Amino acid sequence: MPEQPQTYTVSTLTKMIKTALEESFFDVWVEGEISNYHHHSSGHRYFSLKDDKAVLRCAMWRPQGETLKFTPKDGQLVLIRGNISVYEKRGDYQLICHQLVPVGIGPLELAYRQLFEKLSAEGLFAAEHKQPLPEFASRIGIVTSPTGAAIRDIIQISRRRNPAIELVIYPAVVQGKGAEDSIAAGIEYFNQMSDVHIIIIGRGGGSLEDLWAFNTEKVVRAVLASKIPLISAVGHEIDITLSDLVADMRAPTPSAAAELAVWSKEDFLAQVYHQIVRQATLLEKQARLSKEAILALLARPALMRPLELVYERQQAVDNFLRLLNNAGKNNFDKYKNRLSLNLSRLETLSPLAVLARGYSVSRIWPSQKLIKSVSMVTTGKKLETTFADGSAVSTVESIKKEKRRGSQKAV
Amino acid sequence: MAAKKQYKDFESALKRLEEITELMESGDVSLEASIDLYTEGLDIAKYCNKKLTEAEKKIKIIKEKGGLLVEQEFGESETKSETN
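Going line by line, the protein sequences match chains X and H. Just so we're aligned, residue 0 is where the first sequence starts under numbering that gives the first Met the number 0, counting upward by one. Just so we're aligned, residue 0 is where the second sequence starts under numbering that gives the first Met the number 0, counting upward by one.
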């Protein structure tokens, strides 16, 4: 009796094939081109990997698929790590993918390009989406990690530039799981619940992976939707995220964002003092012209104006001088040094200060006629000379005329 | 003397100051009016200076409290635990 050949049932043989294949190929790397890519509503992804001679069916289950940053597409050359699995019911085998990376380009780089292209096609990087930053924001919202380097830098710069500005921090997760939701929620919070004038989003430097949340569609769309002007400040100078590109303003670092958002108290006060000094100069000029006009009137006795009118004008001039002195006494706190410099400039504009610098005014005594020329005095005449702090009466001993014109100094 | 005005913000205060300078530069105002304008200018400068030097605003942080998000004072020491 010939021995009966060993016969397997379909199930048994399939089981053996399954065991053989799955044990031999439980962790393999394979490179090929994606075709027939299909992202099923269940979340699983099905596709084929091919080269010019063969085709391999592949599946990527939802949990692994969700870790993909970029979107796999037909024609993409990819490297896959996975295991071979035999599906007994259909008698076929497929590669179950654990990792899928593009070939020739980093996965994050590819994802960045894909999202960039998508958003460009929608016109979302256009300048017309940009809002101007308010010049004098008094309340600023910041979406970042409360323990990061970024918030420390922002606080430091902001305190230095202007402690009167209020900072409100929305503590966000800025990297890893949940970061994109957290940052987007912060932007939405300020838009809906708070009356800040500027929003800053950002974080300190890190790898492309660390900064990734700022390249996600979720954050980019939240930035675009913000009605409040927003500054994006992610990483260092060289890191440019998609959030940076859609934000109303991009700052190269978080410190730079604070410089942009927080207006400088010192610059502002410098502008204020510039105006005041300008006004004082104009007023002094006007007062001096008025005083000259009064003196001209007094010097012309033929023109008898009612004295009250003259006194009124004199009073106006006196008020002005008092003002200048008061201004000098104002206490401007921390800015005292700089300010007192400015204010003492105001005082030097005052006619009183001219006397303080060593000049004096002489009048004929006792008639009080102002001496504007040496020709008004003769030897033996008495003069009253007013100094900054008093006056003296003297007698003219000798007279020396000079050709120089315009000199009004009496000796 | 000029009536005391309240400026709702720094922007309008600076704007008024610039306006005053322009008025005085125009040469169309009397000495008395100039003095009033200058007094107003000084008042604005003092107001701005006072507002800017007296107020040191607190830093706030959003926290969840009983299911609501509220603003609380932020201690700067809270930033010192780690870096990223």
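Simulated from the structure, these hints should not be mistaken for lab results. Heads up, some of the hints might be wrong.
[Stated by the list, open to error] List of simulated lysine-lysine pairs, DSS-like, C-alpha gap at most 27 Å:
#1 X:284 x X:399
#2 X:68 x X:88
#3 X:117 x X:72
#4 X:284 x H:45
#5 H:62 x H:45
#6 X:226 x X:290
#7 X:176 x H:56
#8 X:226 x X:72
#9 X:217 x X:290
#10 X:284 x H:56
#11 X:17 x X:68
#12 H:14 x X:129
#13 X:72 x X:14
#14 X:381 x X:368
#15 H:45 x X:217
#16 X:226 x H:49
#17 X:176 x H:14
#18 X:49 x X:17
#19 X:226 x H:45
#20 X:117 x X:52
#21 H:59 x X:217
#22 X:226 x H:56
#23 H:49 x X:176
#24 X:226 x H:62
#25 X:88 x X:117
#26 H:14 x H:62
#27 X:49 x X:129
#28 H:59 x H:49
Every value quoted in this text rests on a predicted model; they were computed, and no experiment measured them.
We went through each hint and held it up to the structure:
no.	hint	in the structure
1	X:284 x X:399	violated, 32 Å
2	X:68 x X:88	violated, 33 Å
3	X:117 x X:72	holds, 14 Å
4	X:284 x H:45	holds, 23 Å
5	H:62 x H:45	violated, 37 Å
6	X:226 x X:290	violated, 57 Å
7	X:176 x H:56	violated, 34 Å
8	X:226 x X:72	violated, 35 Å
9	X:217 x X:290	violated, 71 Å
10	X:284 x H:56	violated, 41 Å
11	X:17 x X:68	violated, 32 Å
12	H:14 x X:129	holds, 26 Å
13	X:72 x X:14	violated, 34 Å
14	X:381 x X:368	holds, 12 Å
15	H:45 x X:217	violated, 47 Å
16	X:226 x H:49	violated, 32 Å
17	X:176 x H:14	violated, 48 Å
18	X:49 x X:17	holds, 22 Å
19	X:226 x H:45	violated, 35 Å
20	X:117 x X:52	violated, 34 Å
21	H:59 x X:217	holds, 26 Å
22	X:226 x H:56	holds, 25 Å
23	H:49 x X:176	violated, 47 Å
24	X:226 x H:62	holds, 23 Å
25	X:88 x X:117	violated, 41 Å
26	H:14 x H:62	violated, 38 Å
27	X:49 x X:129	violated, 45 Å
28	H:59 x H:49	holds, 23 Å
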